[in-house]
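Number of protein chains: 2
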Amino acid sequence: MATGVSVENINPKVLQCEYAVRGEVAIHAQRLQQQLQTQPGSLPFDEILYCNIGNPHTDAIARAKKILSMIPGRATGAYSHSQGIKGLRDKIAAGIASRDGFPANADDIFLTNGASPGVHMMMQLLIRNNRDGIMCPIPQYSLYSASLALHGGSLVPYYLDESSGWGLEISKLKNQLEDARSKGITVRALVVINPGNPTGQILDEQQQYELVKFCKDEELVLLADEVYQENIYVTNKKINSFKKIARSMGYNGDDLQLVSLHSVSKGYYGECGKRGGYMEVTGFSTPVREQLYKIASVNLCSNTTGQILASLIMDPPKAGDASYDLYEEEKDSILKSLSRRAKAMESAFNSIDGITCNKTEGAMYLFPRIYLPQKAIEVARAVNKAPDVFYALRLLDTTGIVVTPGSGFGQVAGTWHVRCTILPQEEKIPSMISRFREFHEEFMAQYRD
Amino acid sequence: MATGVSVENINPKVLQCEYAVRGEVAIHAQRLQQQLQTQPGSLPFDEILYCNIGNPHTDAIARAKKILSMIPGRATGAYSHSQGIKGLRDKIAAGIASRDGFPANADDIFLTNGASPGVHMMMQLLIRNNRDGIMCPIPQYSLYSASLALHGGSLVPYYLDESSGWGLEISKLKNQLEDARSKGITVRALVVINPGNPTGQILDEQQQYELVKFCKDEELVLLADEVYQENIYVTNKKINSFKKIARSMGYNGDDLQLVSLHSVSKGYYGECGKRGGYMEVTGFSTPVREQLYKIASVNLCSNTTGQILASLIMDPPKAGDASYDLYEEEKDSILKSLSRRAKAMESAFNSIDGITCNKTEGAMYLFPRIYLPQKAIEVARAVNKAPDVFYALRLLDTTGIVVTPGSGFGQVAGTWHVRCTILPQEEKIPSMISRFREFHEEFMAQYRD
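Chains as they are written, first to last, in the numbering used here: chain W, 9 to 457; chain B, 9 to 457.
If you're looking for bench data, these hints aren't it; they were derived computationally from the structure.
Note that the Cβ used here is the ideal one computed from N, Cα and C, for glycine as well.
Simulated pairs of lysine-lysine, BS3-like, Cα-Cα distance not exceeding 30 Å:
{"#": "1", "chain 1": "B", "residue 1": "K302", "chain 2": "W", "residue 2": "K393"}
{"#": "2", "chain 1": "W", "residue 1": "K246", "chain 2": "W", "residue 2": "K221"}
{"#": "3", "chain 1": "B", "residue 1": "K393", "chain 2": "W", "residue 2": "K302"}
{"#": "4", "chain 1": "B", "residue 1": "K246", "chain 2": "B", "residue 2": "K351"}
{"#": "5", "chain 1": "B", "residue 1": "K221", "chain 2": "B", "residue 2": "K191"}
{"#": "6", "chain 1": "B", "residue 1": "K436", "chain 2": "W", "residue 2": "K94"}
{"#": "7", "chain 1": "B", "residue 1": "K367", "chain 2": "B", "residue 2": "K246"}
{"#": "8", "chain 1": "B", "residue 1": "K191", "chain 2": "B", "residue 2": "K224"}
{"#": "9", "chain 1": "B", "residue 1": "K246", "chain 2": "B", "residue 2": "K326"}
{"#": "10", "chain 1": "B", "residue 1": "K245", "chain 2": "B", "residue 2": "K224"}
{"#": "11", "chain 1": "B", "residue 1": "K221", "chain 2": "B", "residue 2": "K252"}
{"#": "12", "chain 1": "B", "residue 1": "K302", "chain 2": "W", "residue 2": "K302"}
{"#": "13", "chain 1": "W", "residue 1": "K99", "chain 2": "W", "residue 2": "K224"}
{"#": "14", "chain 1": "W", "residue 1": "K436", "chain 2": "B", "residue 2": "K94"}
{"#": "15", "chain 1": "W", "residue 1": "K94", "chain 2": "W", "residue 2": "K302"}
Label pairs and their computed distance ranges (CB to CB):
{"#": "16", "chain 1": "B", "residue 1": "S256", "chain 2": "W", "residue 2": "V420", "range": "56 to 62 Å"}
{"#": "17", "chain 1": "W", "residue 1": "Q382", "chain 2": "B", "residue 2": "A105", "range": "50 to 56 Å"}
{"#": "18", "chain 1": "B", "residue 1": "R456", "chain 2": "W", "residue 2": "D262", "range": "47 to 53 Å"}
{"#": "19", "chain 1": "B", "residue 1": "D323", "chain 2": "W", "residue 2": "G175", "range": "52 to 58 Å"}
{"#": "20", "chain 1": "B", "residue 1": "Q41", "chain 2": "W", "residue 2": "T423", "range": "54 to 60 Å"}
{"#": "21", "chain 1": "W", "residue 1": "V242", "chain 2": "B", "residue 2": "A105", "range": "50 to 56 Å"}
{"#": "22", "chain 1": "W", "residue 1": "Q47", "chain 2": "B", "residue 2": "D323", "range": "28 to 34 Å"}
Just chain W, same shape as in the assembly (with noise of 0.2 Å):
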């Protein structure tokens, strides 16, 4: 290898960042999903069951199709504008509009690839040095610890609490807060993931209120992160957006920055690979929007493919189109079949001795608690893994299961958690389900206390 550079040079905010849902396991599944393919019959089983990160790819390839169909022959291939196609950002308005009741405007939609630009975008505006902190939830989505790695800021920690279905509560993210104050750091935003990445819980109302006069009151950005707003699995909550929230207490762009992001990954829709997503920024005076924009205009502008998704996402067809009754009926027929899937798993979860699992109310993801003996944790640790890690691994190893470990999340210390999508196809859930109660009793048995 050539001297230039080498890992002890590079910078070290790279080294410091963690991505977790494509870590250690992930990679490691990809080398067994190979040796599956070379040497058929060399493992303990024939596939590998992707649980670790959000691809609803095969419900949607019928329905994308549809909807690529109803597109009039645009042609996608030029630059667009650096926030993307106004006609797209238009109709994401009006979606928006008549989603929340309140006015939108085509000017405060920056459209990206995927949503993860957007939180990159943000991070870089207001990250000028280690000294400025994003408070996130932990558990969180690893997007926002590993991007503020990445940008050099501070992660300031708010917890989810697992006894109360990972309730929020406004009083100790006040001390939280407090706290990075008195350690000098500046507090510029708050990340709020709802429904909950990886917990799966939805916000009630009044949680939203107080997160909303919180923000304002101390002055911090808020980021939502609302790309599961169609992913709703309970009956006695609804979603609400921050903006909605917000405008309904009067607030408008005078008392509050709010960033919502949203993305064509997710929803009943899925369309992960095509990269298309959106921000909506309001409350930010125009110099700084000016800057925004120049930040997106350094890579020119996001995919139009994904662009033409993203508007088509807050453009669904309405009562009376011809497609609306087929619509209804995909969109109702995937999101109660990942309804099922999501109490299927979670209540054959709960039946495991040793492992205990909220209920998924929203988003994609169990977050099941697997209590490890004390000799696995000493075992995993003599072996430089993480506790989690490491079963997660001969989780893989022994079933072709694939989660995510919790580490890479944020828990509170001593717990253990693993990230499970509820997305393998329905009848192999009760298989999946069988081989991965068999191996957590060989893996207690193994290291019981």
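Following the hints, complete the assembly by docking chain B onto the known chain W.
Relative to the frame of chain W, chain B by itself:
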């Protein structure tokens, strides 16, 4: 406006970042475009002619349709491997090997949303603080200065010599490197753009050998921006990839850390809205490549449509294929047309008093030098504009022609340029040039010293 985030307290790196090709002139052009739509006849011209940014879409639509119709029905909706779909990377590696006559490996390929994210990833990897620097040609494509500013690194300039057709002298490079080092800058990489952007020159083979040796001797990463490798308009030079040059010198991954960038946005295909591109990364240790993989994975993957297009440009129809003759004919016709436009516009610029213009040997731009009168420079300064920005805004207001001011690319102090694409339709060039000439003569008459 809410008060938390203001332009005074956002990340100052964002403020410092300039991105000329989407800057003030381009924004003003969008405004005028809108005015032409809402109030036809209110301006002294009836269309905006975008010569500021490479958007070769017009020519490419027909070709792109044919390419796409040749792709078997692929399911493109799922997340892919973070480096891109393996089969597509295989095709790209085979295309590189066939182009260079030296082997290439799919594991070295990172598929990206256009070429720009590759540059960001390398900067993220290399730039630890403002004492890390990257050598860039001046003039340079503003992506490099913009992303260096965003990542907080130092731009170490090396000047291209306008009088010798934007030539490059290694001895001067060495001086600039030593000068930077004497100031405490750790120079980590050297950017070379071949063919040049905005300058359009093609490096001699000898210069390429010297550059490779220079980077090897000085342990600099060679960042080779080769996105215009198909755009060549002279018969006495040819494009050699830096990988081919390095391998033909006997250098391999043990001697040289080399990154080559390519894109589907240029060449004879020009599918810029699709955001397809790749970087080939050789000479880095496995731990460093794992870190690069991690950076790639933070945004999950690039869009799959762009990935497919990137593989197609490196795997075009071959002799014997049904489409080969048509492909050759179309490619040849597009490139010949671009070549005619380059020559026509170059001689037109050179026929205008007070403008000189080097030959465009490759890429998609002319970079004429505008000899501005002192009085114009003073008036520009008085209204707080760079003189070439002042000139370009006046050109736009008077004629509807959009060019990018040279100051966004860097230029020798006291010289002024504009970057003008060779992409206007051929039949529009004569009238465009006569409008330009008329404007320039009036401008010079108004500000004559």
